[in-house]
Amino acid sequence: MRMDIRHVAAALRRHRMATLLIGLQIALACAVLCNALFLLSNRLQLMSMASGVDESHLVALSLQGTGNDLGRDTLLRIKQGLRGIAGVESVSMTNAVPFTQQAGEIGFRSVLDDPQYNQQGHFYVADNDFIRTVGVHLADGRWLGDDEAANSTSFLPSSPSILMSRSYAQHIWPGQPSLGQVLFADGAQRRVVGLIEDLARPNPEPLILHNTVLITGSNVLGQVFVLRTGPLSRDRVLRQALDAVARIAPDVVVDLDYSGTLSELRDRYFASNRAMAAMLCGIIAAMLLVTALGIVGLASFWVQQRRRQIGIRRAIGARRSDILSYFQTENFLIVSGGIALGMVMAFALNIVLMKLYEVPRLPLAYLPWGAVTLWILGQLAVLGPAIRAARVPPVVATRSV
Amino acid sequence: MFGYYLDLALRSLKRNRVLTALMVIAIAVGIGTSMTTLTVMYLLSGDPLPGRSEHIFYPQLDAETGKGMVRSRPADLLDYPSARDLWSSGKADRQTMTAEALVKIQPVEAGRHPSMIDTLTTTSAFFSMFNVPFRYGGPWQPADDEARSRTVVISERLNQQLFAGANSVGRTLRVDSNDLRIVGVLDHWRPSPRFYMVVGGHGASDTSDLYKPPHDLMLPLSTALDLHSQFSWFSCWGNVDPKNMAAAACEWVGLWVQLDTPATRSAYRDYLRDYDAQQRSLGRFDHPPNIRMMSLMQWLDFNQVVPKDVQLQTWLAFGFLVICLCNTVGLLLVKFLGRSGEIGVRRAMGASRSDIFMQCLVEAGAVGLLGGIGGLLLAWFGLWLVRQQKVAYADLAQLDPMLLLVTVAMAILASLLAGLLPAVRASRVPPALQIKVS
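Here the protein sequences come in this chain order: W and G.
Under this note's numbering, think of the first position of the first sequence as 33, with each following residue one higher.
Under this note's numbering, think of the first position of the second sequence as 10, with each following residue one higher.
These aren't lab readings, by the way, just hints derived from the structure by calculation.
Even for Gly, the Cβ is constructed at its ideal location relative to N, Cα and C.
Mixed in with the good hints there might be a few duds.
[To be verified] Rough simulated footprint, nothing fancy, chain W against chain G, three-plus residues with beta-carbon under 8 Å: (1) 120-127; (2) 333-339; (3) 400-408.
[What the hints assert, rightly or not] Derived lysine-lysine pairs resembling DSS-like cross-links, with alpha carbons at most 30 Å apart: (4) W/K387 x G/K399; (5) G/K23 x G/K221; (6) G/K317 x G/K221; (7) G/K221 x W/K387; (8) G/K317 x W/K387; (9) G/K252 x W/K111; (10) G/K252 x G/K221; (11) G/K317 x G/K399.
[Stated by the list, open to error] Listing some non-contacts, in silico: residues in chain G with all C-beta distances to chain W over 12 Å: (12) T46; (13) K113; (14) P200; (15) P440.
Build out the structure end to end from the sequences listed, making use of the hints.
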């Protein structure tokens with residue numbers, strides 16, 4: 033005996049209210065599910081963003097209290113001391129590394145007399161060891177030479193040559209070659225001699241591009257030491273580095289919030305995103321559970337209510353598999369209806385979120401995922417009651433209520 | 010009658026335990042998640058200065074000079090000369106300047122390492138304007154502001170750390186290699202957000218840092234200038250000599266004024282306009298007037314202090330609650346209509362439609378009560394989870410007695426709402442005519 037969808041649909045019409053409710057619940061679940069999955073994937077994407085440095089090899093120490101009094105000598109002695117730690121391959125002094133704090137931000141101009149600081153950018157000021165220490169990759173042009181580090185104590189060193197992040201260069205000079213171009217800021221001009229693969233800002237944010245510029249300079253404003261070491265010796269190097277700083281400069285305070293292996297700093301930096309991702313996972317799981325329980329409850333009731341009809345159908349020759357597929361088809365129809373409505377609602381919800389929270393547009397690809405999830409969920413949820421229905425013996429037909 | 014309905018309801022709930030459990034779980038989970046997020050939202054979006062906030066204002070000017078971008082709104086902070094002029098004019102009922110500095114404090118005990126502390130540098134009126142409670146001693150005096158006195162106020166927390174909670178008034182603290190005398194120790198004070206230092210919130214993707222606990226160290230701004238403390242800048246437009254922040258071309262000072270009547274408010278607005286015009290005629294300002302004066306709550310609102318993630322979570326949780334309610338409506342409908350036979354008998358024996366309706370609602374309400382208790386436990390657990398997060402507002406996430414009642418009330422209300430439609434349907438069941446058959 034073949035299942036006729038029209039029969040199933042006709043039966044549903046008799047339970048309009050309950051069908052409508054479960055369909056509505058599926059629709060809402062579909063709308064929330066698609067958006068929650070999308071938000072979750074945005075967060076995961078953000079948390080796994082590339083920083084452009086060799087994180088697994090790096091340890092950072094952020095110093096405080098070096099104030100304006102602490103001389104360059106002390107910093108150089110610290111650097112010497114850190115270099116002496118076993119397993120440290122190189123040490124650099126910089127103003128920041130990714131996943132710490134915003135350190136140097138300035139409005140760059142691409143045209144000298146442009147009244148607008150239209151290109152806000154972050155600059156890393158570091159010594160010549162920075163590039164080899166953190167492992168930035170050159171995309172085009174050349175590295176900065178040892179003689180190009182400006183010996184300056186101002187906010188932005190007046191070095192004549194700079195490196196910049198490739199995407200930032202493309203943003204400022206779209207469609208033009210950016211090597212050899214000049215950026216103006218702080219009363220000086222700086223020529224772009226090399227482009228690096230994207231180097232993240234110290235405080236990367238979603239939707240903000242890697243607007244970073246790399247300048248070498250002996251700038252005492254930069255008080256972050258970054259150490260390159262093997263992935264396995266990172267924790268030991270960190271401990272020894274803290275001891276070394278305490279020994280060499282007992283008056284210097286290490287800012288523990290922004291010190292650690294780069295992997296730890298990344299984890300700390302994205303802590304709130306991780307919490308949000310966990311919350312989204314929780315909501316998704318709870319929603320699927322509640323939806324499944326709703327289907328189980330309703331289907332169980334229908335099975336119970338139709339015991340007599342099921343018995344009659346069995347008595348006139350329906351097989352167990354026919355009963356099973358009847359309930360599965362019924363569920364498929366309801367869930368499909370819910371999904372159809374849910375897709376529209378998913379977009380409506382996304383538009384609201386876009387307006388209020390700068391959430392990007394929901395890509396169409398999320399809809400099939402949401403739909404497939406709900407179809408599978410529905411089929412699994414209805415399986416139990418349907419099996420019970422299939423077990424109803426034909427003899428039920430002969431009994432009265 | 011209610012007692013009878015309740016008895017019937019409980020019997021009916023017991024009869025179909027699985028269905029009852031499903032409904033209670035759905036309500037509990039929906040209420041639990043939405044109450045967790047709602048509690049956080051409520052705690053973060055409240056008035057940090059109830060009864061006072063409408064008298065507190067935040068004047069802003071645009072002091073930036075030169076070929077910079079003409080800004081659509083003034084910066085979040087003032088330059089020192091403007092802040093100082095406005096503050097010393099005494100045109101408001103009360104006024105105070107606020108700025109942040111990072112200072113190094115030496116340990117009280119020998120052999121310990123020094124530490125860096127975010128410090129609030131302000132003026133004596135800060136404490137009275139913002140109702141700051143003291144445990145020991147009190148604020149420094151207006152004369153101390155003028156005299157750049159070496160005085161300091163510390164938080165309860167720092168007092169606990171340094172002096173094990175003892176009365177430390179009169180003791181000295183070594184701050185940036187200067188000896189400052191402790192004049193006051195704060196009592197527990199935890200405004201949410203740390204409103205007096207709210208800057209840079211608008212448009213930021215994460216504003217949870219605005220909910221950090223108050224500063225542990227507070228000292229006169231004049232003293233901090235004298236000590237060349239390391240102030241935090243908001244933005245600068247010229248060369249900056251960190252040793253001379255009083256003259257730096259930077260925005261780094263906030264000004265708060267208390268204006269008690271509408272008349273003083275409009276007078277103060279006029280005064281701001283006049284000041285701006287005067288400074289332009291003197292050539293110190295070269296931008297068109299860009300003046301603002303928001304009230305405390307407007308300023309918090311403008312800075313969008315409530316973190317976007319918290320708002321997003323609230324939305325999702327309520328979406329989820331609606332799903333749970335939908336679920337409950339469906340299950341209640343099934344449950345009530347499943348008893349059509351029984352209802353028919355009762356109707357035949359004289360029960361009116363409203364009796365049936367009431368009985369169904371009582372049953373729905375009982376589900377709500379059970380769900381509410383479950384939801385309360387879940388919300389309590391949810392807030393514990395929030396407290397485990399590494400966010401600045403984690404310690405604020407506490408269930409308060411009012412919210413406790415709201416949770417249960419909301420659960421009952423929600424389930425009554427969910428029960429409404431099924432109850433109407435159930436009350437329409439016709440009296441059983443075929444009673445003799447069975």
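Broken hints, by number: 3, 5, 12, 13
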